[in-house]
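A.B. asks: Chains as they are written, first to last, in our numbering: chain A, 1 to 335; chain B, 1 to 335; chain C, 1 to 335.
For the record, the hints were derived by calculation from the structure and aren't laboratory data. Remember, predicted model here, so these are calculated numbers, not experimental data. Where hints are given, some of them may not hold.
Which copy is meant is left open, because identical chains are indistinguishable; a pair holds if it fits in one copy or across any two.
[Stated by the list, open to error] Computed list of lysine-lysine pairs in DSSO-like fashion (alpha-carbon distance at most 30 Å, straight line): (1) Lys44 x Lys331; (2) Lys331 x Lys191; (3) Lys191 x Lys324; (4) Lys324 x Lys44; (5) Lys48 x Lys324; (6) Lys191 x Lys44; (7) Lys44 x Lys290; (8) Lys331 x Lys290; (9) Lys48 x Lys331; (10) Lys290 x Lys48.
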Amino acid sequence: MRFTLGELAVLVGGEVCGPASLVVTEVAPLETAGPDSVAFADAKFLEKARVSGAGVVLVPQDAPDLGRPVVRVARPRLAFIRVLQAFSPEGSAPVGVHPSAVVGAAVVMGAGVSVQARAVVEDGALLGDRVVLAPGAYIGRDAVVGDDTVIHANATVGPRVRIGRRVVIQSGAVVGSDGFGYEWDGERHVKVPQVGTVLVEDDVEIGANSCIDRATSGVTRIGRGTKIDNLVQVGHNADIGADCLLCGMTGLAGSTTLGRRVTFAGRSASTGHLSVGDGAVVLGDAVVTKDQPAGAVLSGYPAGPHREQLRLEASLRRVPALFKAVAALQKGQPT
Amino acid sequence: MRFTLGELAVLVGGEVCGPASLVVTEVAPLETAGPDSVAFADAKFLEKARVSGAGVVLVPQDAPDLGRPVVRVARPRLAFIRVLQAFSPEGSAPVGVHPSAVVGAAVVMGAGVSVQARAVVEDGALLGDRVVLAPGAYIGRDAVVGDDTVIHANATVGPRVRIGRRVVIQSGAVVGSDGFGYEWDGERHVKVPQVGTVLVEDDVEIGANSCIDRATSGVTRIGRGTKIDNLVQVGHNADIGADCLLCGMTGLAGSTTLGRRVTFAGRSASTGHLSVGDGAVVLGDAVVTKDQPAGAVLSGYPAGPHREQLRLEASLRRVPALFKAVAALQKGQPT
Amino acid sequence: MRFTLGELAVLVGGEVCGPASLVVTEVAPLETAGPDSVAFADAKFLEKARVSGAGVVLVPQDAPDLGRPVVRVARPRLAFIRVLQAFSPEGSAPVGVHPSAVVGAAVVMGAGVSVQARAVVEDGALLGDRVVLAPGAYIGRDAVVGDDTVIHANATVGPRVRIGRRVVIQSGAVVGSDGFGYEWDGERHVKVPQVGTVLVEDDVEIGANSCIDRATSGVTRIGRGTKIDNLVQVGHNADIGADCLLCGMTGLAGSTTLGRRVTFAGRSASTGHLSVGDGAVVLGDAVVTKDQPAGAVLSGYPAGPHREQLRLEASLRRVPALFKAVAALQKGQPT
């Protein structure tokens, strides 16, 4: 793969600053980029861009002259995504059912499906057009997988789960495991049968080794466009709105309801049976324990408004000084 | 599946209040139930039951008249479990060894075993009666799986691991991975061979993508009837008593010993080499760092008695006010 | 397997104290060892060794007479590792490609490779000498696996990932999943293509169900000799130095840079885009949020020097007493 500076500018709809025939052959982060690489810099990283070894840097339209070849674009990060797409090394998946795959009875498959080595599709499942099942992927009985969805190696989709279009499920993820529900009957924990299912809407991504539990009854829903990182747990009967972000190791207990564009940062959590409003942001390691309004920015345990948490934490860090002040007062000495 | 109100009452051993010929065709949570649904309500949710759209609600025997069809039962939640079991959509597993499964030498299988597509059973393993190995399940060399146990898709049981009867292992779980043990010899981390095994007793459930490490030597034990949620880690040489509950993302470091009916709530943890007595409850996100007595209710980091934690937290929240009080004293003004 | 006391002493290079013909047939922890077992005791566990039921105990050279058979060695724990290796029950892997395995085009394999049942190796992959792929292991297109590396059952190695020599990847681990990167374009989260890869250097171990994300561009590196426990997340473009230890459930967000011999204890974390110097120790549950120097010992959230954290925590535990003192001052009474 190779691009001239001029071709890059056309690709991203930007303005060339430098020799249009200059060639780059790879993409790289600003820090490690060499003369054959294209990198990008948002406004706050322009100084890093000036000293970077990159052959070409994508910069904002109003960036000052950096004395080096650049392409000026409206949004450097989005432009870089287009460059990354162009450089993407993945080939197209082989169409057809591999002889080592196992496909059950009454399975309906669309056009251009790729069922790869050792994949298993149980009876009654429905695979839309151009679905890709990588090796070892498992699709349970009567499950539905929408057009253009990719299920990566060794991922598991349980029975009756419905997956939308253009969904990506990374390796090792489990969609449709049983929810965790038991009732003590005086002698033992009796399992509450988990007879519900999971609905994963269009354009969702689910990370490696994440788990989405099926509902006790009804449906656990992952809303359109929501992106879920690795090792995330979503409990039974959760209802996740559209375009949410659940970062790595987030845990949402059962019956958590999220609005649209809610963000849970790394290893944050919800204790379940609560709702979080549109656009709320739960910061890293915070644990939401009760309903939260739209737009809230939350931190701490239990999670509260971040500004209050910051004030409280600042106060707590000064407690040792407070002890000294009180000791001085006790001695009757002014401090 | 359809039940009349009268049939439901017989199923759960309850008392009909309403037209016995009324029909329901599905189960649902109280919040989303419609006229074709049966739901349930504990004493504290009776007001929700009154306004629910459910066709039938299972309620406590002493519930007031809700002006709608109900079945009165001693324990609505247990009764609902029986209804869920009746509505459970899972068919029985196909008996026999699928042609794409791989079964090693000297494997002993009981009656009615279901070894499904792509499952692998290594040499010398023993499968009891009616064991179900879903597609992609792996049973290591000389492992033992007891009667009526179900191993879900893409789950892994390591060599020599012993699994009891009526155990359920969800997809992606790994039972018998190596414990994490290394010794620095001055130049490198030398691996401590993990030559022990795992014993999973009868009626245990292990959640999706959870990991139970084998013992360094001896055995990591999961006691009878214990239920483990998703993404839980149990370290080497842990000894978990009967009927414990380990909720999602709990982490028990090596050589943690739990008594009977100990609960670890969501994402709680033990730092290992300690014991927790019968019936203790470790609340969400708490981290146990030393031995704890039977019946303790623990929270915080490090985990202490929950009542003390609550008092301390209330005190800390008032620290900003304390600063003001001390400042006033310093000015010589009464507050 | 059986060893006499004399043979044990030769094996570990130690000095016999007791009847050289005494026989042991198993290894065990000190607590549960019986007369047929060999156990070990560091200096601080000598009292436990005195009362243990073990047939033989490996003890330090300067241990007092315990009145029982022992082998005196320079480092009992390292000596015990040699004994464990001798008792290790794992046989050698069967050489060759199992008929149910699927090997793509242009795959290059070294001598003595073991590709077991249902393993899949994609086109263009390279397997070094004596590589073991357990059942269900997946090796992506153009990936490289070095000599003597073992990939356990149902583990996944993504395309183009490079794995060094003598690496162990436990079951369910995913190496080379996509990093979590999206950019909001005003209407939706646009995926940042993750075109980079992962480099796992020699002598690394990766635990069960852990996830190592591929770099956005460039490489996510796991340095030589680093050991990673179960359910650990390493984000895209992380750069982990040599001989680090990442204990269970640790989460390192993207672009975390670690020096050599850094330890992250159980469930600790980094928020990413930061570096931690050589030999630093991050204690359990601590969250590193900014650059940290070599040798730091860190705890808390946000992580700070452990000694300061201890002082602060001690101070906070005494806050209720401070309230009483201030109340007394307010009443004008000396306390």
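A.B. asks: Which numbered hints does this structure break?
C.D. replies: 1, 2, 3, 4, 5, 8 and 9
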